[in-house]
Amino acid sequence: MTVAVVGAGPAGTRAAEVLVQAGLRPVVIDEAPDNGGRIYQRPPAGFRRSDGDLYGTEAHKAQALHRRFDQLRGAIDLRASTLVWDVRPQQLLTLRDGRSETIGFEQAILCTGAMDRVIPLPGWTLPGVYTLGGAQVALKTQGCAIGQAVAFLGTGPLLWLVAYQYAKAGARVAAVLDTTDFATKAWRTGGLLRGGRTFLNGLRYVGWLRWRGVRIVEGVVPEAIEGDGEVTGLRYRTRHGTHHIACDAVGIGWGLKPETQLADLAGVSFAFDPVQRGWLPVRNEAGRTDIRGIYLAGDGVRIGGADVAELAGARVAWAVVEDRGLPVDHAAVARLDRALQRQAKFRQALDRAFPYPHRLAAGMADDTILCRCEAITAGAMRAAATAEVNRTKALTRIGMGRCQGRVCGPAAAEVLAAALGCPVEQVGRLRGQPPVKPIPMRTAAAG
Amino acid sequence: MNERRSDVLIVGGGGAGCSAALHLAQRGARVTLLERGLVGSQATGVNYGGVRQQGRHPAELPIARRARALWGRLAALVGSDCEFEVTGHLKLARSEVEEAELVAYLDVAKAHDLPLRMIGRNAIHREYPWLGPVVVAGSLAPDDGAANPRLLAPALARAASILGADILENREVTTLAHDGTGFVVTAGHETFAAPVLLNTAGFWGGKVAAAFGELVPVAPMSPIMLVTEPLPWFIAPNLGVVGGNVYLRQIRRGNVIFGGGRGENDPVTARSRVLPEPALRSMHLAIELVPALADAQVIRSWTGIDGAMPDGIPVIGASTTTPGLLHAFGFSGHGFQLGPAIGAILAELVLDGHTDVPLEPFRIDRFAATIDANKGDNA
Numbered sequence: 001m002t003v004a005v006v007g008a009g010p011a012g013t014r015a016a017e018v019l020v021q022a023g024l025r026p027v028v029i030d031e032a033p034d035n036g037g038r039i040y041q042r043p044p045a046g047f048r049r050s051d052g053d054l055y056g057t058e059a060h061k062a063q064a065l066h067r068r069f070d071q072l073r074g075a076i077d078l079r080a081s082t083l084v085w086d087v088r089p090q091q092l093l094t095l096r097d098g099r100s101e102t103i104g105f106e107q108a109i110l111c112t113g114a115m116d117r118v119i120p121l122p123g124w125t126l127p128g129v130y131t132l133g134g135a136q137v138a139l140k141t142q143g144c145a146i147g148q149a150v151a152f153l154g155t156g157p158l159l160w161l162v163a164y165q166y167a168k169a170g171a172r173v174a175a176v177l178d179t180t181d182f183a184t185k186a187w188r189t190g191g192l193l194r195g196g197r198t199f200l201n202g203l204r205y206v207g208w209l210r211w212r213g214v215r216i217v218e219g220v221v222p223e224a225i226e227g228d229g230e231v232t233g234l235r236y237r238t239r240h241g242t243h244h245i246a247c248d249a250v251g252i253g254w255g256l257k258p259e260t261q262l263a264d265l266a267g268v269s270f271a272f273d274p275v276q277r278g279w280l281p282v283r284n285e286a287g288r289t290d291i292r293g294i295y296l297a298g299d300g301v302r303i304g305g306a307d308v309a310e311l312a313g314a315r316v317a318w319a320v321v322e323d324r325g326l327p328v329d330h331a332a333v334a335r336l337d338r339a340l341q342r343q344a345k346f347r348q349a350l351d352r353a354f355p356y357p358h359r360l361a362a363g364m365a366d367d368t369i370l371c372r373c374e375a376i377t378a379g380a381m382r383a384a385a386t387a388e389v390n391r392t393k394a395l396t397r398i399g400m401g402r403c404q405g406r407v408c409g410p411a412a413a414e415v416l417a418a419a420l421g422c423p424v425e426q427v428g429r430l431r432g433q434p435p436v437k438p439i440p441m442r443t444a445a446a447g
Numbered sequence: 001m002n003e004r005r006s007d008v009l010i011v012g013g014g015g016a017g018c019s020a021a022l023h024l025a026q027r028g029a030r031v032t033l034l035e036r037g038l039v040g041s042q043a044t045g046v047n048y049g050g051v052r053q054q055g056r057h058p059a060e061l062p063i064a065r066r067a068r069a070l071w072g073r074l075a076a077l078v079g080s081d082c083e084f085e086v087t088g089h090l091k092l093a094r095s096e097v098e099e100a101e102l103v104a105y106l107d108v109a110k111a112h113d114l115p116l117r118m119i120g121r122n123a124i125h126r127e128y129p130w131l132g133p134v135v136v137a138g139s140l141a142p143d144d145g146a147a148n149p150r151l152l153a154p155a156l157a158r159a160a161s162i163l164g165a166d167i168l169e170n171r172e173v174t175t176l177a178h179d180g181t182g183f184v185v186t187a188g189h190e191t192f193a194a195p196v197l198l199n200t201a202g203f204w205g206g207k208v209a210a211a212f213g214e215l216v217p218v219a220p221m222s223p224i225m226l227v228t229e230p231l232p233w234f235i236a237p238n239l240g241v242v243g244g245n246v247y248l249r250q251i252r253r254g255n256v257i258f259g260g261g262r263g264e265n266d267p268v269t270a271r272s273r274v275l276p277e278p279a280l281r282s283m284h285l286a287i288e289l290v291p292a293l294a295d296a297q298v299i300r301s302w303t304g305i306d307g308a309m310p311d312g313i314p315v316i317g318a319s320t321t322t323p324g325l326l327h328a329f330g331f332s333g334h335g336f337q338l339g340p341a342i343g344a345i346l347a348e349l350v351l352d353g354h355t356d357v358p359l360e361p362f363r364i365d366r367f368a369a370t371i372d373a374n375k376g377d378n379a
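For the record, the sequence lines run as chains W and C. With the UniProt record's numbering, letter number 269 in the first sequence gets 269, and the count goes up by one each step, no holes. With the UniProt record's numbering, letter number 152 in the second sequence gets 152, and the count goes up by one each step, no holes.
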């Protein structure tokens with residue numbers, strides 16, 4: 001039986017590369033029409049923006065990854081536009097063109113990537129509010145901005161990158177509002193310089209935006225996205241008082257969170273990660289898990305960024321090669337391990353520089369819609385607070401809607417923990433249920 | 001040894017156990033309920049939510065009638081209606097054979113004063129134009145409905161604790177015994193004692209019974225439930241079919257909840273899981289009933305663990321080996337509606353020594369002969 005790679009982003013591409021090199025022909029599955037993942041997502045055919053415009057400083061990495069993937073095409077079984085909606089022992093349940101198909105595997109490498117971590121605030125459900133990732137995808141794959149005057153709010157490298165990309169593409173950036181204090185970042189600079197490039201890029205984006213006259217405010221406390229039926233502005237607080245900026249769209253995001261649903265459904269153990277402040281699937285340095293045949297790599301396990309994902313993808317593939325009893329290039333593995341260790345230190349510094357502002361989440365006003373799928377307020381959750389997040393979900397419907405808590409889950413856990421006065425890890429994590437993402441009723445068994 | 005003593009000890013915090021705690025506490029009994037996880041974690045909390053009398057085994061109908069009355073006063077009883085709504089239950093026939101079964105049930109219903117209205121071939125599509133052509137007839141029980149299963153056990157438990165019952169969650173029972181004068185039950189390092197023990201432990205009720213020498217052929221079952229994204233509301237009644245391979249209802253928020261087929265489970269860890277093939281088959285059967293659902297998206301599925309009996313009806317009543325032990329388990333996938341009444345009945349059995357509902361068909365020893373025969377085969 002075959003090796004399956006779920007996700008054709010940086011991790012999945014490098015995993016496939018090693019597997020092919022070892023003489024295997026993996027099945028590579030991705031929800032998107034083509035490879036690249038979110039970060040290096042390929043534009044649709046006929047799209048004419050240059051790679052430099054699309055990927056900025058990372059263009060050479062995107063090009064290298066795409067080139068490698070194109071070389072692999074004949075040597076892999078690529079299933080694009082295909083959703084993996086459930087996983088069973090040695091089986092992936094996939095959906096493509098409305099049909100369900102079961103793909104058998106002996107080893108599956110899950111490179112499921114990440115999504116934005118958001119903190120709900122009043123007005124975040126207005127049309128015109130996007131995640132930072134969503135705002136970026138609109139630009140990358142459709143060549144359009146989310147509004148005429150866009151404010152960006154949140155924290156982390158993506159906040160500055162997206163704002164830079166928007167401004168660079170000619171969009172009007174109304175403001176960049178970072179909830180992290182400038183002091184925090186400055187204090188961590190020493191740690192950041194250990195890794196180098198990402199931080200230097202960040203500084204470059206900030207400098208460039210300042211030079212272009214974009215309003216930049218650090219250490220803000222967001223109060224509300226304003227508007228009636230559409231976004232008209234954003235209100236926030238600083239130590240100097242309350243401020244208002246006019247805008248017609250807002251991109252929000254507080255770092256990324258791994259898409260761990262498949263690992264969860266596969267039965268992989270989870271552990272609480274105090275630095276990234278979330279429950280993450282447990283895997284060893286090589287990417288092996290406690291479930292036979294399930295391997296993990298990339299941002300779908302723990303947020304590390306694209307560079308780490310490429311390394312981890314290659315590393316985990318070598319683990320698969322080894323477990324299949326095929327010859328392993330030990331020198332290559334040692335190089336990967338060393339590089340991953342270096343990156344881990346940098347990542348830790350980055351996590352500390354842009355911490356998830358959990359108090360902001362925990363302190364959201366009672367009337368803020370926390371779960372947007374089911375329209376449940378933070379107050380409703382507080383009123384029904386029980387010692388465990390799944391029970392609170394059962395009583396309030398929080399996290400029961402279309403997104404299954406993928407969007408509101410982290411913030412909901414903070415609200416609950418604060419209401420109970422306990423550490424956030426104590427309230428547990430929302431259990432995954434198939435399907436991973438919505439599937440149409442008419443999905444018929446085939447193949 | 002430090003024992004916690006009460007008048008009645010209840011093992012299992014589902015609908016039956018929590019309702020028993022409430023009804024006993026209402027009459028002044030000192031009650032302790034031990035629940036392995038959280039109340040309503042398994043069959044009571046994760047089922048379809050049907051509050052249905054129609055189609056039940058004739059032996060269950062007197063209990064179902066009583067339960068229906070309790071559902072009607074649930075808000076007064078526990079301070080929450082648990083989203084109970086009288087929607088009517090429309091049981092559908094997809095063939096002439098199934099139609100004949102619906103007709104035959106009219107007599108059963110009549111004998112138990114259950115209002116039921118047969119809807120024929122032409123009328124059914126006139127009254128419910130969204131039904132698929134596979135449907136040939138239906139029978140409507142206007143008094144039936146549905147509720148939110150996640151709310152029932154917590155609401156009953158809350159009401160019971162307000163009246164003084166000790167509802168102890170995260171207490172997995174480790175040993176059960178009768179020391180000649182009363183029951184002694186341990187959960188971890190804690191010991192509980194009472195002259196009366198109620199076994200309302202669902203599938204695990206079989207284990208509790210076995211501790212007192214009563215072997216029951218109860219098997220774990222995990223009915224699969226699915227739910228769609230919200231759609232404009234158009235399906236008023238709770239829908240079932242003859243044979244029961246699919247059931248479907250739409251809540252006011254718009255989501256369509258449907259079920260059918262079985263998942264897998266591990267009673268040791270109490271984990272259960274939906275399986276893709278039966279889930280896909282349920283989607284197919286649901287679309288056959290209501291073709292307009294074809295384009296809806298399924299957003300979630302779930303299951304839990306119930307106890308299934310070979311004859312599809314539960315064990316209810318006194319132990320045949322141990323005085324003071326009463327059983328109510330093995331509801332075989334349709335105990336949600338009954339739960340509130342089971343607790344009332346158990347309370348009567350404990351405090352009055354009798355109840356007005358005939359319990360003979362639910363005797364625990366009704367399979368004794370089979371079990372002994374099987375033992376012989378194995379020997």
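The hints are simulated quantities; they were obtained by calculation from the structure and are not laboratory data. Glycine included, each C-beta is placed from N, C-alpha and C at the ideal position. Please note that the accuracy of each hint is not assured.
[Stated by the list, open to error] What follows is a list of derived Cβ distance ranges for each label pair:
no.	chain 1	residue 1	chain 2	residue 2	range
1	C	Glu190	W	Ala383	27 to 35 angstroms
2	W	Arg342	C	Glu190	48 to 56 angstroms
3	W	Arg239	C	Gln297	27 to 35 angstroms
4	C	Gly213	W	Ser269	33 to 41 angstroms
5	C	Glu229	W	Glu425	25 to 33 angstroms
6	C	Arg4	W	Glu285	30 to 38 angstroms
7	C	Glu229	W	Ala383	24 to 32 angstroms
8	W	Asp337	C	Glu229	56 to 64 angstroms
9	W	Ala383	C	Arg30	50 to 58 angstroms
[To be verified] Which chain C residues face chain W? A few, computed with CB under 8 angstroms, are given here:
no.	residue
10	Ala147
11	Arg158
12	Ile162
13	Thr228
14	Leu231
15	Phe234
16	Asp266
17	Ala270
18	Val274
19	Pro276
20	Pro278
21	Leu280
22	Ile287
23	Ala294
To see whether the hints hold, each was checked on the structure:
1. C:Glu190 x W:Ala383: 27 to 35 angstroms: Because 31 angstroms falls inside the window, the suggested range holds.
2. W:Arg342 x C:Glu190: 48 to 56 angstroms: 52 angstroms, holds
3. W:Arg239 x C:Gln297: 27 to 35 angstroms: 46 angstroms, violated
4. C:Gly213 x W:Ser269: 33 to 41 angstroms: 39 angstroms, holds
5. C:Glu229 x W:Glu425: 25 to 33 angstroms: Given range 25 to 33 angstroms: holds, Cβ gap about 31 angstroms.
6. C:Arg4 x W:Glu285: 30 to 38 angstroms: For Arg4 (chain C) and Glu285 (chain W) the Cβ distance comes to about 49 angstroms; the hint is violated.
7. C:Glu229 x W:Ala383: 24 to 32 angstroms: Given a distance of about 26 angstroms, which is inside 24 to 32 angstroms, the answer is holds.
8. W:Asp337 x C:Glu229: 56 to 64 angstroms: For Asp337 (chain W) and Glu229 (chain C) the Cβ distance comes to about 44 angstroms; the hint is violated.
9. W:Ala383 x C:Arg30: 50 to 58 angstroms: 30 angstroms, violated
10. Ala147: 14 angstroms, violated
11. Arg158: 11 angstroms, violated
12. Ile162: At 16 angstroms from the nearest chain W Cβ, Ile162 (chain C) fails the 8 angstroms test, so the hint is violated.
13. Thr228: 7 angstroms, holds
14. Leu231: 10 angstroms, violated
15. Phe234: Constraint on Phe234 (chain C) not satisfied, violated at 15 angstroms.
16. Asp266: 11 angstroms, violated
17. Ala270: Violated, about 13 angstroms.
18. Val274: Hint holds; Val274 (chain C) Cβ to chain W Cβ min 6 angstroms, cut 8 angstroms.
19. Pro276: 5 angstroms, holds
20. Pro278: Result: violated, 11 angstroms to nearest chain W Cβ.
21. Leu280: 5 angstroms, holds
22. Ile287: Check passed: Cβ of Ile287 (chain C) comes within 6 angstroms of chain W, closer than 8 angstroms.
23. Ala294: 4 angstroms, holds
Violation of the numbered hints given earlier is confined to hints 3, 6, 8, 9, 10, 11, 12, 14, 15, 16, 17, 20; the remaining hints are satisfied by the structure.
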